[in-house]
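Once you have looked at the hints, place chain C on chain S.
So the protein lines, in turn, are chains S and C. Mapped onto the working numbering, the consecutive letters of the first sequence carry residue numbers 406 to 475. Mapped onto the working numbering, the consecutive letters of the second sequence carry residue numbers 23 to 518.
The hints are simulated quantities; they were obtained by calculation from the structure and are not laboratory data. Some clues are possibly wrong.
[Stated by the list, open to error] Covered by chain C, according to a simulated footprint, are these stretches of chain S (three or more residues, beta-carbon under 8 Å):
#1 414-420
#2 442-456
[Unchecked claim] Which chain C residues stay away from chain S? Per the calculated CB distances, all over 10 Å, these:
#3 49
#4 236
#5 292
#6 324
[Claimed, not checked] What follows is a list of derived Cβ distance ranges for each label pair:
#7 217(C) <-> 424(S): 48 to 54 Å
#8 303(C) <-> 418(S): 20 to 26 Å
#9 421(S) <-> 498(C): 30 to 36 Å
#10 125(C) <-> 416(S): 23 to 29 Å
#11 465(S) <-> 303(C): 40 to 46 Å
Backbone N, C-alpha and C fix where the C-beta goes; we use that ideal spot for every residue, glycine too.
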Amino acid sequence: MVSRAERYGWILALAVLVAFAVPWFLWGDGRTALGLPLWLWWHVGWMGLAAVVFRLFAIRAWDDGVEGVA
Amino acid sequence: MAVVELALVGAYLVLALAVGLVAFRLTDDTAEDYYLASRSLGTVVLLFTTFATLLSAFTFFGGPTLTYARGPEWMLVMGLMDGVLFAVLWYVVGYRQWLLGRDEGYVTLGEMLGDRFGSTGLRVLVAGVSLFWLLPYVMLQQRGAGQAVVGLTDGAVPYWVGAGGITLFMIAYVVASGMRGVAWTDTLQGVFMLAFIWGAVVWVLAAVGGPTAATEALADSNPEFLVLGGGLYTPQYVVGTAVYIAFGVTMFPQINQRFFAADSAATLKRTFSLWPVLVVLLFLPAFMLGTWAAGLGVVVPEGGNVIPAVLREFTPAWFAALVVAGALAAMMSSSDSMLLSGSSYFTRDVYAPLAGEADREALLGRAVVVGFAVAAFALSLTATQSIVRIGNTAFGGFAQLTLPVIAALYWPRTTRTGMLAAVVGAQLFYLGTLVAGVILGPFENMGSVGATYYLGWHPGIPGMLLSLLLVVGVSVATSPSPGEDVGAYFGGQRAD
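Next comes chain S alone, as it looks inside the complex (with noise of 0.2 Å):
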């Protein structure tokens, strides 16, 4: 069990991955580098980002708010 804290700043971790998985500051926008629009370069990074957030909740948190519910 982690502490009341954490875990408030998990759910912030997941819901921020969740709102930013689509560059929505990039709406509009046209740009490109290295063969890829910029946008999909974001996302590409995100998705990174995003498992090493899933293994460190996976290490620190996992079994929080499912395991004994109730």
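Positioned in the frame of chain S, the structure of chain C alone reads:
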């Protein structure tokens, strides 16, 4: 030429069958072994079998063809959907179900809900709703396979032989070795698809001078494709599609049942963090190849698909034939799992409660696999527009179950009446919209219904909100019925 191509596809099918039959040698004659491989799947096999199951013909045919016509933003939809949202649901729904399945021995979703709410009616209802959406979806896969074989051989092999042949192959290994055979062949098929799609991209890019040259060609022909958003891609479309499909996927029987099949929590943990990586690895090349084809002047015949067209132009015929094998792999790895799960839903949640436990359930399960496959094949021969439309909207139909199930898993106050109201209410809304708006009505698809009535959101989204309102509202307004067993899910205070 068709001989070489058919031989390649045939060799691949035989290999898949051989893997399935090796798995048969490890099979016990129990239902738990047949449907769940005795809850023994490890990380690699669970990851690939779920992944291969998720990927249908869409990966190779529908998806790239969509990005060819509309731009590559579908990669964002896919990443948000399967890379992030599905991963979170993997934990929230999947891990919780795995824990309950381990403790209580559940094999299907209906069983899990029926036990907690003491309700055979709910169990049969959930299985019935699932089978209703599943059968047309299986039919679509067989239809795709048959059409792929027709395309490959320029019509030398007729549709019914192609679709029928694939159906027979699947029946052979699904009947013989159940979940273990399916999981092993899926792993083979998943690896094969990854290798193939990267090979295709590298080959085509080498022929046209690299990704930068390909993107410059696209900037000349379709500059709007490089700009994020626009056209089909509104924020509502991107978010709504990702949400209703991700939530729908978790209730698709073949995916949901995999939550029970992991060998340990460690397997679920490792699989969880690999989702985003695998999604990018597979879909980025597939969707970019489709997008680049637009700039390379590849012409797709009416009703055809871009990947075969682009490969025909830039690669030798034998390589293009491997595409079809890859696409068939994608279809088979989805359908085989659907047949198996459909069989378990029918046998355990419809047949057993109504007609009594079967003496040899694993045997009955195999007979149902054959029946289900043949029924879907027969439907695919006569496929009417309405059945195709039901199949195409299946994800939204399944998504209507997800929020009530999450409520049941996490909120002890959920009541049987609340569950029944939410499942029936949301299905009536979604199916009613489909029938009134699309099948009988003037709209071409559910997306256009949403554009007209729901501020651009797919009707699956308001349906999900309705299901949440109903499960919470009705549960608050009613008290638990006799026979409900909160202890089955919460705190180990089981009544029996």
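(message) Looking only at beta-carbon atoms, does the pair residue 465(S), residue 303(C) fall within the given range of 40 to 46 Å?
(response) violated, 26 Å
(message) Verify this label for me: residue 236(C) is non-interface relative to chain S, using a Cβ-Cβ cutoff of 10 Å.
(response) violated, 7 Å
(request) Classify the label on residue 324(C) as holds or violated, using whether its beta-carbon is more than 10 Å from each beta-carbon of chain S. (result) holds, 29 Å
(message) Closer than 8 Å Cβ to Cβ for three or more residues is the test here. Does the stretch 442-456 of chain S pass it with chain C?
(response) That given contact holds, which follows from 10 residues of the stretch 442-456 of chain S lying within Cβ reach (below 8 Å) of chain C.
(request) Can you let me know if the beta-carbon spacing of residue 303(C) and residue 418(S) is within 20 to 26 Å? (result) holds, 23 Å
(request) Classify the label on residue 49(C) as holds or violated, using whether its beta-carbon is more than 10 Å from each beta-carbon of chain S. (result) holds, 31 Å
(request) Over 10 Å to the closest beta carbon of chain S is the bar; see if residue 292(C) clears it. (result) Label violated. Min Cβ-Cβ 7 Å, cutoff 10 Å.
(request) With a C-beta cutoff of 8 Å, work out whether three or more residues of the stretch 414-420 of chain S approach chain C closely enough for the coverage to hold. (result) violated (count 1)
(request) Confirm or reject the claim that residue 217(C) and residue 424(S) have a C-beta distance inside 48 to 54 Å. (result) violated, 34 Å
(message) Against the range 23 to 29 Å, how does the distance between the Cβ atoms of residue 125(C) and residue 416(S) compare: consistent or not?
(response) holds, 26 Å
(request) Using the beta carbons of residue 421(S) and residue 498(C), state whether their distance is inside 30 to 36 Å or not. (result) Since the Cβ atoms of residue 421(S) and residue 498(C) sit about 32 Å apart, the hinted range of 30 to 36 Å holds.
Hints 1, 4, 5, 7 and 11 from the list above are not met by this structure, while the remaining hints are.
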